[in-house]
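Visitor: Protein chains in written order, with my numbering: chain A, 1 to 317; chain B, 318 to 852; chain C, 853 to 1148.
Please note that a few of the clues may not be correct.
Claimed, not checked - Taking lysine to aspartate or glutamate pairs in the DMTMM-like style, the calculated list, with each CA pair at most 25 Å apart, reads:
1. Lys514/B / Glu93/A
2. Lys514/B / Glu89/A
3. Lys635/B / Asp912/C
4. Lys77/A / Asp502/B
5. Lys631/B / Asp912/C
6. Lys829/B / Asp578/B
7. Lys475/B / Asp395/B
8. Lys411/B / Glu841/B
9. Lys77/A / Glu528/B
10. Lys635/B / Glu917/C
11. Lys593/B / Glu581/B
12. Lys77/A / Glu508/B
13. Lys593/B / Glu917/C
14. Lys593/B / Asp157/A
15. Lys700/B / Glu917/C
16. Lys631/B / Glu917/C
17. Lys700/B / Asp157/A
18. Lys593/B / Asp625/B
19. Lys829/B / Asp157/A
20. Lys77/A / Glu525/B
21. Lys700/B / Asp912/C
22. Lys700/B / Asp33/A
23. Lys635/B / Asp662/B
24. Lys829/B / Glu581/B
25. Lys635/B / Asp157/A
Because the hints were derived from the structure by calculation, they are not lab data.
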Amino acid sequence: MGRYLARRLLQAVPVLLGVTIITFGMMVAAPGDPIRLLVSPEQLGYADVNVLRAELGLDRPLPLQFIAIIRDLAAGKLRSFRERRPVTEMVGEALVPTVILAALAIALAVGLSLPIALASALRPYSLIDHGVTVFSLLGISVPGFWFALVLIFSLTDRLGWLPASGIRPVGTPGYPFGEIWPHLIMPTAVLCLSIVPFLVRYARSSMLETLTQEFVLVARSKGLRESRVMLRHVLRNSLIPVVTIIGLLIPFLLSGSVIVETIFAIPGVGRLAVQGALSRDYPVVMTMTVLAAALVIVSNVLTDASYAMLDPRIRYD
Amino acid sequence: MKKSLVIGLVLIIALALAGTPGQAQRRNQAVIAIWGLPTRLVGSSEAVAAYVLLQVHEVLAGTDDAGRPVARLAEKWDRSPDGRVYTITLRQAKFHDGTPVTADDVKFSYEFYLHPRYPIASPSLLEIEGAQEYRQGRAPQVTGISVVDPRTVRFTLKGRYAFFFDQILGRPNYIMPRHAWEGVDVARMLEHPYARKPIGAGPFRLTEWRERESMTFQAFPDYWGGRPKVERVILRLIPEPATVMAEVRAGNIDAGQVLPDEFEGFQRNPQLQTFKVPGDVSFWFSFNHQHPFFSDVRVRRAFYYALDRELMVKTLQKGFGQVVNSPTHPSLWQYNAGLKGYAYDPARARQLLSEAGFTPGAGGILQRDGRPFRARYTFLSEKRYLDQGLMIQQFMRQVGVELTLEPLERGDFFGRFFSPANSSNIEVAGIAWFNLLLPVQFEFESNFKSTGAFSGIFQYGNPEIDGLLNQTSTAVDRGAMRTLYYRVQELILQDVPRVMTFRPDELWAVQKRVKTPPVKSLAEFFRTVNLWEVR
Amino acid sequence: MSVRADAAVAGTVRLAPPARRQRAFQRFLRNRRAAAGAVILCAFGLMALLAPNVAPHLPDAANFERRLLSPGAGHVLGTDHLGRDVFSRVVWASRTSLSIGLLSTLIAVVLGIVVGALAGFFGRFVDVALMRFTDMMLAFPLFFIAVMFLAVFGPGVPGLIFIVGVTSWPPTARLVRAEFLRIKQLEFITAARALGGSSARIIVRHVLPNVVAVIVISVTLRVGLSILAEASLSYLGLGVQPPTPSWGNIVADGREYLRAAWWVSLFPGAFVFLSVMALNLVGDGLRDAFDPRMKI
Chain A
1 MGRYLARRLL QAVPVLLGVT IITFGMMVAA PGDPIRLLVS PEQLGYADVN VLRAELGLDR
61 PLPLQFIAII RDLAAGKLRS FRERRPVTEM VGEALVPTVI LAALAIALAV GLSLPIALAS
121 ALRPYSLIDH GVTVFSLLGI SVPGFWFALV LIFSLTDRLG WLPASGIRPV GTPGYPFGEI
181 WPHLIMPTAV LCLSIVPFLV RYARSSMLET LTQEFVLVAR SKGLRESRVM LRHVLRNSLI
241 PVVTIIGLLI PFLLSGSVIV ETIFAIPGVG RLAVQGALSR DYPVVMTMTV LAAALVIVSN
301 VLTDASYAML DPRIRYD
Chain B
318 MKKSLVIGLV LIIALALAGT PGQAQRRNQA VIAIWGLPTR LVGSSEAVAA YVLLQVHEVL
378 AGTDDAGRPV ARLAEKWDRS PDGRVYTITL RQAKFHDGTP VTADDVKFSY EFYLHPRYPI
438 ASPSLLEIEG AQEYRQGRAP QVTGISVVDP RTVRFTLKGR YAFFFDQILG RPNYIMPRHA
498 WEGVDVARML EHPYARKPIG AGPFRLTEWR ERESMTFQAF PDYWGGRPKV ERVILRLIPE
558 PATVMAEVRA GNIDAGQVLP DEFEGFQRNP QLQTFKVPGD VSFWFSFNHQ HPFFSDVRVR
618 RAFYYALDRE LMVKTLQKGF GQVVNSPTHP SLWQYNAGLK GYAYDPARAR QLLSEAGFTP
678 GAGGILQRDG RPFRARYTFL SEKRYLDQGL MIQQFMRQVG VELTLEPLER GDFFGRFFSP
738 ANSSNIEVAG IAWFNLLLPV QFEFESNFKS TGAFSGIFQY GNPEIDGLLN QTSTAVDRGA
798 MRTLYYRVQE LILQDVPRVM TFRPDELWAV QKRVKTPPVK SLAEFFRTVN LWEVR
Chain C
853 MSVRADAAVA GTVRLAPPAR RQRAFQRFLR NRRAAAGAVI LCAFGLMALL APNVAPHLPD
913 AANFERRLLS PGAGHVLGTD HLGRDVFSRV VWASRTSLSI GLLSTLIAVV LGIVVGALAG
973 FFGRFVDVAL MRFTDMMLAF PLFFIAVMFL AVFGPGVPGL IFIVGVTSWP PTARLVRAEF
1033 LRIKQLEFIT AARALGGSSA RIIVRHVLPN VVAVIVISVT LRVGLSILAE ASLSYLGLGV
1093 QPPTPSWGNI VADGREYLRA AWWVSLFPGA FVFLSVMALN LVGDGLRDAF DPRMKI
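Could you build the full structure based on these sequences and the hints that come with them?
Guide: Dropping the structure here:
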């Protein structure tokens, strides 16, 4: 297992390097001058563009720039063009809201999906099952941004129950759950909407399969209580595929966070990436793409590893 | 024993009535919703940064609505008979860290702004003797600024300069503490901790800066102008206007912008007060004056007649705005209120165009020498510009001019807009202008003087305007200056270097419990935060 | 030689293709949900094709005096802030949104077929390499990439179609590969091989027809996702640029007026929802009709 992990992680290095090269190429090929975006039109003629350019190191030849980027990236010393702070610091700050929302969304999604899937799997093709199927279908068809607007319109504009911006009330130090929970409800709901249908479907088919397997019949015939059968045998066995899919959901949630963070003005990683790209903040874009790639690799490896761990019948390479 | 019990009881009751200091602090705060936060506080050229710097920093002097000098950190001054030398006495003011503001700090600050590696070039500061040499790295210091004693500093100018108070002593030349910044490499100033936690002499201290989220300011008790009555001010970043309004209604925000369609609803809301001022932003579009079509002033005037600017204000701002005939903000003394603008008169527009040699062509589009009157209208791809563009396109179509809309996103737009090599790419281009951030003289020069930055893009030059603007810096008095500025505005209207459309009103809602002084502009709103009171 | 091989193959296939398709079609029709989805799809398709006839006004016909009118006579879905008829804009937007969805899916599916076929048919090293790559891409935050790409290179329809297409091929590749693997093992292929048929011939004549079912289902489901992606990107301002209407950017237009004129944002979003839902119903129906145990 250890060797397998090590090998997979080592394979990650060329991938990350490739991602860096592609991103750099994209930044170079992109139209628009980052310097011009740092200067607002009112100050035109007032701002000394050449000094700015030298300050950011954009006056050096491209290969030198690239090497400097790789070097700074590896050392974690890349500095944002706009804020002149280490990007790692910016990402570290931005990660907190994103992770809070993602973790909450996963926890809620799993908590909701499993009982629903179980209820549905126990009575296939019944009214409940049909209802669940329709609900799943609805969930994957609703555009996230539209759902968010509907929520804001009803819960903030009309009823005034929930705040529609930010992740915490102004001036709150840190992220104490007791104070920030109203801000979390709507964004989490939107994120959940995108993953619950998948989880339900997956869990349902997995449970259906488990339920028909022999060991369940055996357990039942042994006279075990229904609930015990459920918990010990069905759930545990059907959880395996579900757990593996959770790992795959994480990068998916990163995408979802872009919309949610933009609409709800949450200073998370998704918004940081978008704003960085829009303002041609090369260091931020570079760091974000490398991080996203790293996240993908890690979650892939974790998924495979957890799959292997949970199901001793599976051997890898 | 009994006595101490009684005293104890009284104390407890007193405390309960007064509330603990912490509670009072939390109540004595104002939260302002803002559409963007600055990314840097030194060497910044962002509009939003200006609003933040207003709270934290202080300048030597400024000018009031009538153009008279107003003392700030400078308490009094003497001017030499030839008008070249100003001897300024500083008042007893302190920086946020308790150290006094001295003449050394003044000299240091100005040399900081004139440093060869400082990213912003200030032409007006170059009026100081020795500034040019210093900026070019040929001198170790600016000879025109001398420290007479800790409380006295002397400015020697190259010549008489009418804008000494507003462009040299005024914003954005904030006084910074020398002991905090001495020895810092100017090229890397953003990496200095004080770049993010500035020490200034302004009414508030920046105590917390949560990136892309909020900025928190605490009242500075030793501010020379008196301790601000509001203890804490928080700038909260909310990019979406709809969300701002929702939060104001919910009471989570104390002051925020309101969209025109909702303003009446807010005015009726008993828990809120509203204010409406001519906005700091005015919209305009200009032409490539080398283009054969647009070099003719009749064509440019035709544009003015073809646009129903009142309808634009009604449609896009629900009436909350004004048609604009001058680039200057109405609250300024230089503003020429007596200008009579172009009325909506499509017939006159068509007449002017035919005088310019255009005749009706295929598809209802005018043509001249076989060339149809088509042009690209380039603008920033934001909703407000797009909406205006659509209206302008429709109006121009009615008089036979076909404009193709070309929305560009930021990188593309500014890349094309600001590089001289690409300026020939522009035929018609529009943007908005943030007034009141920079001195009026600078605005005029940058926009309308043939050496100005915008003139470079649009290739406009008018010798009469140039001449007038050259005279202002040596005008005898404000009356003379005003005459010059009035004439410049007349010429801008007559010669049409650009078509000015409208100035939207700034519409704001403020919670009733926050008392704000009446203001005439948004900039003034942010300038007077230290006068707010929270009940 | 080939005729004899084909005859031998035809005899050993489990179900003759035409019969299989016929039965599947019948099963599909009996599925009420799928039928409903198909009806909605046809309706939207017709609406998009016949937009000039269906829409009462031109999408950019602005009437500045009639802004933000609520749904009623003259304007079924109301007007927006420039006085444009929302219904007309939504109808015209269906052209944009649906065609972008189709085109990007086309790119995705073609790429997916190529990759999946190569991997499934050649197996071993090629398979492993391609599948590793596919797995990696599957797990990548695709929307995130699309956003970054469009933010950097500038929004616009060509870029949109390109990036959505190029990031959506992995699921199709996987499916196609799985089908290839399944069919490869079937007897009739080994028989054809033994009788000397060439690889290309085998693929085209015997494997592909069976894969078509999978591809059609995959396409149907993918178009829905592409439509969602385009709507989201356009909402963010990175997709179709106004004034060209797309369902996503009309919702964005109405964002500022949500309280005063909720209809501008509500209806285009509802159309996105309905079309994606219809596509999912049809896709599910197709899958159930062909083989309910298919793991799609």
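Visitor: For the pair supplied as a hint, Lys593/B and Asp625/B, confirm whether the alpha-carbon distance does not exceed 25 Å.
Guide: 23 Å, holds
Visitor: Checking one constraint from the list: CA of Lys635/B to CA of Asp157/A, max 25 Å. Satisfied?
Guide: Holds. Lys635/B to Asp157/A sits at ~21 Å (cutoff 25 Å).
Visitor: Given the hint that Lys411/B pairs with Glu841/B, test it: the Cα-Cα distance must not exceed 25 Å.
Guide: Answer holds: Lys411/B to Glu841/B is near 24 Å, not above 25 Å.
Visitor: Run the distance test for Lys514/B versus Glu89/A: straight-line Cα separation, threshold 25 Å.
Guide: 16 Å, holds
Visitor: Is Lys700/B close enough to Glu917/C, meaning Cα to Cα at most 25 Å?
Guide: 19 Å, holds
Visitor: Lys514/B and Glu93/A were given as a pair; does the straight-line alpha-carbon distance stay at or below 25 Å?
Guide: At roughly 17 Å apart (the allowed maximum being 25 Å), Glu93/A and Lys514/B satisfy the hint.
Visitor: Can the restraint linking Lys829/B and Glu581/B be considered satisfied, given a maximum Cα separation of 25 Å?
Guide: Roughly 16 Å separates the two Cα atoms, so the pair holds.
Visitor: Would the hint linking Lys77/A and Asp502/B be met if the CA-CA limit is 25 Å?
Guide: 19 Å, holds
Visitor: Given the hinted pair Lys700/B and Asp912/C, is their alpha-carbon gap at most 25 Å?
Guide: 15 Å, holds
Visitor: Does Glu528/B sit within 25 Å of Lys77/A, going by the straight-line distance between their CA atoms?
Guide: 18 Å, holds
Visitor: Verify the proposed pairing of Lys77/A with Glu508/B, using a straight-line Cα cut of 25 Å.
Guide: 12 Å, holds
Visitor: Taking only the CA atoms, is the gap from Lys635/B to Glu917/C under or equal to 25 Å?
Guide: 11 Å, holds
Consistency with the previously given hints is maintained throughout, with no hint failing.
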